[in-house]
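Chemist: Generate the whole structure from the sequences, applying the supplied hints.
Keeping their order, the protein sequence lines are chains A and B.
With this note's numbering as the guide, the letters of the first sequence map in order to residues 93 to 714.
With this note's numbering as the guide, the letters of the second sequence map in order to residues 4 to 303.
Hints in this document: simulated from the structure, not taken from any laboratory.
Hints are supplied without guarantee of correctness; some may be wrong.
[Stated by the list, open to error] Chain B is faced by these chain A residues, among others (derived, beta-carbon under 10 Å):
(1) Ser103
(2) Arg106
(3) Arg185
(4) Val202
(5) Trp328
(6) Ile447
(7) Leu587
[Said to hold, decoys possible] Derived list of chain A stretches under chain B, where covered just means 3 residues or more per stretch with a C-beta under 8 Å from a C-beta of chain B:
(8) 347-361
(9) 460-473
(10) 501-515
Note that the structure is predicted; figures quoted are calculated from it, not measured.
Glycine included, every Cβ here is placed at the ideal spot set by N, Cα and C.
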Amino acid sequence: MGAPAPKDAASQLRFVTCGSVDDGKSTLIGRMLYDAKLLMEDQVEALVRDSRMHGTAGEDIDFALLVDGLEAEREQGITIDVAYRYFATARRRFIVADTPGHVQYTRNMVTGASTADAAVLMVDARKGLLEQTRRHAHIVSLLGIRHVVVAINKMDLVDFAQTRFDAIVSDFNEAAAGFGFASVQAIPVSARFGDNVTEASARTPWYGGPTLIGYLEVLDTDTAGADGPLRFPVQWVNRPNADFRGYAGTLAGGSLRAGDEVVVAASGKRANVARIVTMDGDLEAAVCGDAVTLVLDREIDISRGDMLSAAGHRPVVADQFAAHLVWMGEDDLLPSRSYLLKTGRRTLAATITDIKHRIDVNTRQKLAAKSLALNELAVCNVSTAEPIAFDPYDENRQTGSFILIDRFTNATVAAGMIDFPLRRASNIHWQALSIDAGKRAEQKRQTPVVIWFTGLSGAGKSTIADIVEKRLFALGAHTYTLDGDNVRHGLNRDLGFTDADRVENIRRVAEVAKLMADAGLIVMVSFISPFRSERRMAREMLPDGAFIEVHVATPLEVAEARDPKGLYRKARAGELANFTGIDSPYEPPENPELVLDTVAHDPQALAGQIVAYLRQRGVLEG
Amino acid sequence: MSASRHLQRLEAESIDIMREVVASFARPAMLYSIGKDSAVMLHLARKAFHPAVPPFPLMHVDTTWKFRDMYAMRERAARESGMELIVHINQEGLARGIDPFTSGSALHTQVMKTEALRHALDTHRFDAVFGGARRDEEKSRAKERIFSLRTATHGWNPKAQRPEPWALYNTRLRAGESMRVFPLSNWTELDIWQYIRAEAIPVVGLYLAAERPVVWRDGQWLMVDDERFVLAPGEEVETRKVRFRTLGCYPLTAAVESDADTLDAVIEEMMLARTSERAGRLIDADEAGSMEKKKREGYF
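Modeler: Here you go:
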């Protein structure tokens, strides 16, 4: 017979399963689906076919193959990616995020756990508590999951011994001390044979607790933030005509009634909710998780990304905060590099200003770190381009979380959980000055620009920049040249040549160039600046059109043959590490304003090209 | 509405996804395939943007082999929603005489669906397209993101998917890339039907059992929907009480014998069902991973 009919009152539970294929996690999920009669005949047929081809369960059906959906996973017999599975019992609908257990898939586990109400941690009864289980418990706790089931699996292989079960439970309770779980339920199971999964097992007479499904059916989880103050991130402004202006979004915390006063977190502007609009008619009230459209009783300035909040309980508004960060990018985190940060409905520039410490996900030890690699976890200070509204992650998982996006590859490179705002953020205010960039430039009769020379060491950047400056000077222009080598003697003498230091090197120079352009100068920057991301950051710091990227495109073999400072020889000899072009990458510009061919033309001619370009752009008057 | 908390949570999640797309992309569109999932998706879109009309067009990639009832529903849906309807047919495929009977299902699907879709997306330069796929349909779908990046040539790279923690969707695109967005990812077939009942959403009548002209072929009932159906030697048209669990091109979509002629009966029958709905799709019946392959090539 089929699955019993869930009544329309059915609630939903989202849970994450953590464990590796060796623990039988996929087998357990397959078993739950099978027991819930959710495996269909054609799916079982496919499973039998696949079991013969790739299975590891001998003559038996290999349930793991049911959830390992990608070809690579079936071939390698491992779960790589998060898979979502769905099943129902008479009492509840379940959404299962099935996540891989090995340390190299931490990012996938974080993703699966981020939206879960509860976690099922798998432990192999033969092996007991491994480092891996401690890691899973740690991550689950970090992601704010408060309800944990420890499924002690493969009890059939330890003769359903109570002593074994008790020992593991005791180990787990010790390991999980300090994780802040509201409930921990350990259950002895055999996923392969179904003991204590749906039906209570006759082989564990010493166990009086619930079955796994029985427990998940009644587990009472409070939706994070539901009891807290109102949080309504504005997602989209709905203006079908001049008579209607509504703010569409999903309540990320608390609840709301028509007539309530709300306040825009960042601006402090207040209004009352006139209507809660839905297609089914206006609502009297809305609760956390509802997607609604609000109409306010007066016009105040609100756009996507603003957060409406309870008047008496506003979120934190700050541009610097401490956060836990899980690095998900293939490339390492570089402090000072500009990333895009998305939180709620807001996306803006942000940098990691400081890695306070890395945390070993297995041992929870704090370690010093200068950068972060894939699947590493750290506590960091984050600085955003503008103040944002947030809550500590502990208080609200939605308004306290963010992702980082690499500006160049567009990859999602980090998941973050905000701990608390940093005090200094709120105390430094922009000073409004009466003489502005325009007035300074006007006085000098020129348009301030930054001419950014990028290219390999020995490409001829400084030589050409020097000639350009001489010519501009002769024309009466006000100029300055920032040279890589020179700046490293002073402002940047604390920096080395690792990727992280190179990024910081460029960030500082870009900031200085920006100040000089603001002062009205034409600035020549002559830096190898090997990474596209930082050159883009410099471009985005400046007004439109003020950044002129000049690629001094000397091929490596030519630059190396010239070797004016003997550096290539040293690098080849292994005396100089992280040398661009040799053992450190150079990313050529994709759309530079100018490309200089130093093989075909001499530096004088190339400087002439730049001056001609500046005239054509109207940078120089007359 | 009278739906359960479970359905309310699914509904809110889908609405949230749709609003995020409209707020983040310049040229979104909704792939509308006329079936029950599309019907739910369209209904959710109307809810998401009410009182505005959903600010994107419906697009139907038409193989010209859909059931006649489906074409009628398509016109009705466009009329009632007030949305623009774009119908895209691969004219070059038609000219080549591609059809599901003589060309075979694989070639027909490749030319009239996958290639046609790619061509339609290129023509209209849509940067985000809603699809009604659900993760419970098929194994490779279970691992696909809600915001699923496609290359400039519409390919899917399952190994380079963006993580989506806390439903924080990364909507960034490079030139030429586009996003497929699946607002029904977390719905199951049962959810779809219970929601259709709770919200009284109009669906194509073929989902309900009725006496229909069918032919028994390769172990499945195919419906004779028009005069293009060519009988093989020995085949006879019979009248049977049948319905469809899934709707596609009529020569490629099998009917099941059923007495379920009301929504309640359909839901009850489904909860007793022992085969998955895609078993009625003749195009999936090759080796495991066939859906993943098609998706890598640009199929939805």
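Chemist: Identify whether the interface hint at arginine 185 (chain A) stands, where standing means a beta carbon of chain B within less than 10 Å of its own.
Modeler: Constraint on arginine 185 (chain A) satisfied, holds at 5 Å.
Chemist: Quick check on leucine 587 (chain A) please, does its C-beta sit within 10 Å of some C-beta on chain B?
Modeler: violated (30 Å)
Chemist: Given as covered by chain B, does the segment 460-473 of chain A meet the bar of three residues or more with CB within less than 8 Å?
Modeler: Violated, because only 0 residues of the segment 460-473 of chain A bring their Cβ atoms closer than 8 Å to Cβ atoms of chain B.
Chemist: Against chain B, run the beta carbon of isoleucine 447 (chain A) and see if the smallest gap drops under 10 Å.
Modeler: Hint on isoleucine 447 (chain A): violated, closest Cβ of chain B at ~20 Å, above 10 Å.
Chemist: Just to be careful: measuring from the Cβ of valine 202 (chain A) to every Cβ in chain B, is the smallest value less than 10 Å?
Modeler: holds (6 Å)
Chemist: Using C-beta distances, would you say chain B covers the segment 501-515 of chain A, given that this needs three or more residues below 8 Å?
Modeler: With 4 residues closer than 8 Å to chain B, the segment 501-515 of chain A meets the three-residue bar; holds.
Chemist: Was the hint right that serine 103 (chain A) lines chain B, CB cutoff 10 Å?
Modeler: Interface hint status for serine 103 (chain A): holds (5 Å vs cutoff 10 Å).
Chemist: Under 10 Å is the threshold here; is the Cβ of tryptophan 328 (chain A) close enough to any Cβ of chain B for the hint to stand?
Modeler: Since the shortest Cβ distance to chain B is 4 Å, the answer is holds.
Chemist: Under 8 Å between beta-carbons, do enough residues of the segment 347-361 of chain A, three at least, approach chain B for the coverage claim to hold?
Modeler: violated (count 0)
Chemist: Arginine 106 (chain A) was flagged as interface toward chain B. Is the shortest Cβ-Cβ separation under 10 Å?
Modeler: holds (9 Å)
The structure does not agree with the numbered hints 6, 7, 8, 9 stated previously, though it agrees with the rest.
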